[in-house]
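Novice: Next come the chains, spelled out residue by residue.
Protein chains: 2
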Amino acid sequence: MGIMEKMNLSKHISGQFNAELEDIRNRVLAMGGLVERQLEQALDALTTLDAELAQKVIEGDHRVNGMEVSIDEECTRIIAKRQPAASDLRMIIAISKTIADLERIGDACVRIAKAALEKRVNTQQPLLVSIESMGRHATRMLHSTLDALARMDAEQALELHKEDAKLDKEYEGIIRQLMTYMMEDPRSIPGVLDVLWAARAVERVGDRCKNICEYVIYYVKGKDVRHTSYEDMEKDL
Amino acid sequence: MGIMEKMNLSKHISGQFNAELEDIRNRVLAMGGLVERQLEQALDALTTLDAELAQKVIEGDHRVNGMEVSIDEECTRIIAKRQPAASDLRMIIAISKTIADLERIGDACVRIAKAALEKRVNTQQPLLVSIESMGRHATRMLHSTLDALARMDAEQALELHKEDAKLDKEYEGIIRQLMTYMMEDPRSIPGVLDVLWAARAVERVGDRCKNICEYVIYYVKGKDVRHTSYEDMEKDL
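Residue numbers (my numbering), protein chains in the order written: chain Z, 1 to 237; chain S, 238 to 474.
Worth flagging that the hints you see were computed from the coordinates, not collected in a lab. Warning: the hint list may mix true and false statements.
To be verified - Here's a subset of chain S near chain Z, in silico, CB distances under 10 Å, partners left out:
{"hint": "1", "residue": "H299"}
{"hint": "2", "residue": "G303"}
{"hint": "3", "residue": "D309"}
{"hint": "4", "residue": "T313"}
{"hint": "5", "residue": "K318"}
{"hint": "6", "residue": "I330"}
{"hint": "7", "residue": "S333"}
{"hint": "8", "residue": "D422"}
{"hint": "9", "residue": "I426"}
{"hint": "10", "residue": "P427"}
Computed from a predicted structure; not experimentally measured. For each residue, glycine too, the CB sits at the ideal point set by N, CA and C.
Make the full structure from the sequences, and use the hints.
Specialist: Put into structure tokens, the structure is as follows:
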């Protein structure tokens with residue numbers, strides 16, 4: 001094979017490889033979009049106590065799971081076939097970690113939807129207003145996280161990383177409110193606990209977003225920032 | 238380079254590669270051992286309300302985190318340098334997923350230890366007996382999971398996968414017990430909620446063990462069994 005032929009072949013291979021990376025990125029973003037809709041619908045179902053919508057969310061989770069498994073398979077296939085290094089490898093690792101967190105956000109949606117199906121939640125309507133506001137916050141955070149992921153924007157990822165602390169504060173407020181509720185009316189306890197599990201699931205969505213932001217930073221900066229304080233992360237970037 | 242020299246070089250490289258794989262396996266098992274001790278001590282701290290031991294567990298978590306980051310780095314380095322395929326690649330993927338779950342079991346230990354520091358838990362001693370029994374169950378499950386991982390034993394992993402359902406049942410029993418407690422004595426609610434968070438953390442340890450068992454099966458059988466029913470898994474193996 002002449003040198004020109006070799007160069008063409010290697011260009012061809014790298015073109016295919018880029019197309020594969022592009023394809024896998026698109027699939028992760030599609031998975032993110034699906035999870036985002038699941039979260040919106042789960043919160044809608046809970047705040048309007050819409051059993052039909054809740055059922056739809058629960059049944060939709062297998063699609064999220066299926067996407068995780070198939071994207072993960074594709075990541076392994078690409079590593080074995082293309083033997084990527086440096087930033088290509090970091091991209092695939094970031095993707096394979098991201099889908100695990102997206103899948104767990106999917107599980108959180110199921111938990112929220114299940115709370116909507118509990119008959120005893122009905123009596124706790126005023127509490128649902130707080131959850132709704134916290135839920136909207138978490139949905140915005142997920143949307144921006146997917147945005148940072150689509151553009152591989154490390155600065156935005158760092159901003160979002162900070163945002164999670166606000167969601168945690170909101171969650172603590174809700175827990176205090178739920179506690180007061182239960183103490184004032186012990187008969188409400190089982191229903192309030194259902195709301196409490198839903199609030200916890202929403203809070204976990206924020207943690208998962210924070211993880212995904214860390215993978216974006218890892219991809220862009222080539223640095224693992226997990227277990228690092230915000231101040232140290234800012235210094236590094 | 239003659240053919241004998243090439244063969245020697247390739248033997249040498251594969252010998253180094255095997256040593257690297259062996260080293261990384263040992264490090265995961267060491268991390269598992271550390272997490273196991275953290276869990277035992279966190280449960281001890283909670284059931285005896287030992288603040289000093291609880292503090293020790295909380296401070297020890299950074300070692301678990303550090304092991305996760307360094308093993309993960311080593312996994313990426315090996316993939317980039319050795320370009321492993323087939324079962325070697327599966328081993329590295331299984332390891333990199335396992336350490337993420339071990340790290341989260343570490344977080345669960347911190348949550349249990351923090352409950353031990355809450356002064357208001359003191360009044361809930363009888364409840365702690367139930368948590369102790371559930372905690373012992375979870376500790377055994379973690380120990381056996383690490384055992385299955387050390388021996389890469391897919392059959393044992395499958396058995397353990399079933400075991401988690403029993404832990405879930407125990408957890409549900411504790412939640413019902415906690416609910417009755419709170420309804421009978423509303424002043425106990427804040428303290429009971431602390432115990433409830435600890436119980437939830439113990440229940441999550443079982444879920445993480447189940448995940449690790451799935452990675453062992455993935456390594457041995459080359460099949461991703463996540464989101465698969467127990468019956469289908471048994472058929473496959």
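Novice: Close enough to count: is the Cβ of K318 of chain S nearer than 10 Å to one in chain Z?
Specialist: holds, 9 Å
Novice: Min Cβ distance, D422 of chain S to chain Z: is it shorter than 10 Å?
Specialist: Since the shortest Cβ distance to chain Z is 9 Å, the answer is holds.
Novice: Less than 10 Å between beta-carbons is the criterion; does H299 of chain S satisfy it with respect to chain Z?
Specialist: holds, 7 Å
Novice: Is the interface hint satisfied for D309 of chain S? The criterion is a beta-carbon contact with chain Z at less than 10 Å.
Specialist: holds, 7 Å
Novice: Hint T313 of chain S vs chain Z: min CB-CB distance below 10 Å?
Specialist: holds, 6 Å
Novice: Take the shortest C-beta to C-beta distance between I330 of chain S and chain Z; is it under 10 Å?
Specialist: holds, 6 Å
Novice: Do the numbers back the hint for G303 of chain S, that is, is its least Cβ distance to chain Z under 10 Å?
Specialist: This hint holds: G303 of chain S lies near chain Z, its Cβ roughly 8 Å from the closest one there, short of 10 Å.
Novice: Tell me if P427 of chain S is really an interface residue toward chain Z, meaning its C-beta lies closer than 10 Å to one of theirs.
Specialist: Hint holds; P427 of chain S Cβ to chain Z Cβ min 6 Å, cut 10 Å.
Novice: Under 10 Å, Cβ to Cβ, is where S333 of chain S needs to be relative to chain Z, so tell me if that hint holds or is violated.
Specialist: Holds, about 8 Å.
Novice: Holds or violated: I426 of chain S as interface residue toward chain Z, Cβ cutoff 10 Å?
Specialist: Holds, because the Cβ-Cβ distance from I426 of chain S to chain Z comes to roughly 5 Å (cut-off 10 Å).
Checked against the numbered hints listed earlier, the structure breaks none of them; every hint is satisfied.
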